[in-house]
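Based on the provided sequences and hints, a complete structural model is requested.
Protein chains in written order, with numbering that gives the first Met the number 0: chain D, 0 to 167; chain A, 0 to 556.
These aren't lab readings, by the way, just hints derived from the structure by calculation.
Hints may contain errors.
[To be verified] Looking from chain A toward chain D, a few residues come up when the C-beta cut is under 8 Å (computed): (1) THR35; (2) GLY42; (3) LEU69; (4) ASN72.
Fair warning: this is a prediction, and the values are worked out from it, not measured in the lab.
Where is the CB? At the ideal position from N, CA and C, for every residue including glycine.
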Amino acid sequence: MKKSILTLAITLMASFAMAQNAKLPENVTIKTLDGKTVETSIIQNDGKPIIVSFWATWCKPCNRELNAIKEVYEEWQEETGVKLVAVSIDDARSASKVKPHVDGNGWEYEVYLDQNQDFKRAMNVVNVPHTFLINGKGEIVWQHTAYVDGSEEELFELVKKVANGEEI
Amino acid sequence: MSNKAIKIIAAALAVQLQVSVFNTLQAQGILGGHVTGNVQFDGQLSRRDTVIGSSDVPEKLLSNARADILYTNGNFSAGLRYEAYLSPMLGFNSQYSGQGIANYFVSYKTQTFAVTAGHFYEQFGNGMTLRAYEDRYLGLDNAIRGIDVVYRPWNGVTLKGLIGQQRYYWDTRGLVRGVDAEVSLNDIVNSWTEAKTRLTLGGSFVSKYEGDETILSDISGYKLNLPQNVGAGSLRMDLAHGGFGLQAEYARKGQDPSIMNNYIYKTGEALWISASYSQKGLSANIQAKRVDNMGFKSVRSVSGEMLYINYTPSITKQHTYAFLSMYPYATQSTGEMGLQADFMYKFKKETLLGGKYGTDIHINGSLVTGLDTTVIGGKGTDGYTSTFFGTGDTYYGDLSLEVAKKLSSKVKLTGTYGYMVFNPIVEGHEGDLHHNHILVADLTWKINRKNVLRFEAEWMGSDSKYDANVDDKRAGDWIMGLVEYNFTSAWFVSVSDQYAYKDGIGNYYNISVGYTKNATRLQLGYGKQREGIICIGGVCRQVPASNGLTFSLTTSF
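Laid out in structure tokens, this is it:
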């Protein structure tokens with residue numbers, strides 16, 4: 000039984016080569032900061048690029064990344080129409096601090112809670128920060144784990160390409 | 000023909016059959032969908048070191064590996080996870096030894112209905128009655144294998160039901176059943192749809208079943224009449240009004256004698272409240288909780304971290320600097336009271352304290368104590384009584400003040416002062432309270448767009464002294480230095496050393512090199528490391544204790 004599951008998995012993996020860019024899942028349940036349950040299909044941006052960033056209140060590199068992008072977010076939006084969606088993986092220990100944390104830092108991002116980590120698992124996120132770039136068709140075109148000061152500039156170069164419909 | 004040859008031919012035919020079925024389905028457009036996944040490999044070539052507590056490793060190499068494969072096609076998804084612990088790394092239970100498929104599921108999900116068969120993770124409310132979750136770095140996985148159903152009859156109403164057994168290393172144990180309901184009043188009361196105040200109410204009930212066994216009472220040696228079904232229930236609320244937020248949950252548990260509470264019959268209860276206010280550049284949050292005999296496991300005779308059905312969150316801040324997180328606090332589910340306050344403020348740019356770039360301050364404090372209890376008996380009795388507002392011994396307390404300031408367009412400095420009180424009883428041994436003072440300076444220098452240097456200096460002064468009988472290797476006064484060089488987000492090198500300069504033992508030196516490309520990350524380290532959260536090279540992760548060479552590969556696709 001276990002063997003046949005494994006062979007099936009290998010067969011499926013073999014098909015991976017033929018697969019197109021995976022899409023952002025639409026039916027994973029997440030919560031808004033005021034407690035409303037929504038599906039990930041809510042993550043939309045009228046055909047313009049979306050950055051999906053997995054983070055946690057206790058993660059220092061995540062906070063550095065979101066604070067650095069804050070400084071340039073308006074320019075990014077004007078130039079490319081990009082939207083940043085910050086998905087917190089904080090669990091019950093710190094989930095109630097996410098809204099105060101976001102406001103206290105003055106972030107103007109769309110923020111969701113993924114307390115049960117369903118979205119994190121669906122996106123195969125292992126460590127935070129983990130950032131995805133989604134094109135206008137909802138396809139995941141790029142992903143990256145780790146943030147170092149200045150790497151938001153590399154990200155913006157990619158956002159501009161995606162906004163212009165170029166391949167990455 | 001030998002048995003083995005037959006098996007090989009059968010396996011080859013099975014693959015052939017699956018490939019042809021697959022190709023047919025593909026050709027008919029039935030199999031679209033996507034395969035994604037992630038792979039992780041961690042290994043250590045460990046050497047014995049009594050000072051940091053790593054023991055002799057006869058097999059030289061210890062490794063943990065896993066691969067998650069996920070297939071999604073519209074509303075349908077399926078996944079499996081292969082895990083291999085050959086042999087498990089330090090800090091992981093030796094019962095993980097071995098390899099195999101540890102997790103598999105199929106799931107179908109629409110806007111109103113979802114069903115998962117196989118292994119699943121689930122949380123009711125804040126998890127006080129049920130939380131099946133996984134922390135791969137702590138070797139913690141209490142996934143439930145069974146059936147999980149979620150139904151949304153109307154917008155704003157979510158009903159959940161589940162039944163299954165919990166993962167216990169390579170086995171499943173116990174029997175857990177649970178239901179949960181959550182109602183968002185703004186979505187079901189028409190006139191409230193656009194209201195500024197949002198109110199969500201919820202409730203859950205969870206029950207476990209376990210057959211009888213023989214446990215003798217302390218006094219007369221008679222056999223305890225054990226409850227075979229134990230229930231726990233909770234009510235919760237989430238209220239939001241502009242910048243104000245109030246969340247609370249209250250849970251109760253029936254008689255549940257177990258090894259954790261020394262087989263007493265007292266019922267359990269837990270209360271958690273969080274209140275916050277925030278606006279742009281300012282936030283305040285206060286949390287309080289009381290937990291009394293609320294450990295809830297699917298098997299009464301198993302101690303340790305596995306088989307927990309519920310989760311009572313720790314109320315203390317999750318610190319990530321080495322000395323601030325040296326004594327991490329974990330909830331004492333047998334009983335505790337806790338209070339936490341958190342405050343953040345941003346001094347604006349071009350003000351006296353804000354300077355050219357603004358200044359951020361963050362203050363956090365927490366205090367956890369035992370309950371005020373009166374013992375009334377041992378095994379087979381109600382055990383003890385407790386007063387609701389009374390407090391017992393101090394278990395843990397901390398206060399931290401963090402100031403972050405951009406000094407120029409290239410240099411950012413974060414300074415932290417921390418004070419901490421820790422009671423060794425929390426880790427199971429008697430002793431004096433530890434009082435620690437901690438200072439941290441964290442400086443990032445962005446030399447140019449591609450080259451970034453980071454320096455971290457830490458100091459900890461403590462009234463604790465190393466005592467060979469207790470063998471707490473964290474005792475004493477410590478200093479630490481760390482230098483990290485990043486070339487874009489692709490490469491990093493970091494060198495660090497922690498040294499006990501007074502009343503302690505140990506010298507933890509470490510050098511790490513890492514390479515990241517997209518979602519693939521490779522890291523090599525050499526040296527001695529404590530277990531704990533480490534944030535270097537732009538990523539935070541929990542690491543096990545090690546002495547020698549460590550390597551880690553993670554990738555997502």
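Handout entry: Cut-off 8 Å, beta-carbon criterion: hint that A/GLY42 touches chain D
Key = Status violated, d = 16 Å.
Problem - Given hint A/THR35 near chain D, where the shortest CB pair must fall under 8 Å - result: holds, 5 Å
Practice task
Report holds or violated for the interface hint on A/ASN72, using the least CB-CB distance to chain D and a cut-off of 8 Å.
Solution key: violated, 11 Å
Practice task
Have a go at the A/LEU69 hint: is there a Cβ in chain D nearer than 8 Å to its own Cβ?
Solution key: It holds, given that the least Cβ distance between A/LEU69 and chain D is near 7 Å, below 8 Å.
Of the numbered hints listed earlier, those contradicted by the structure are 2, 4.
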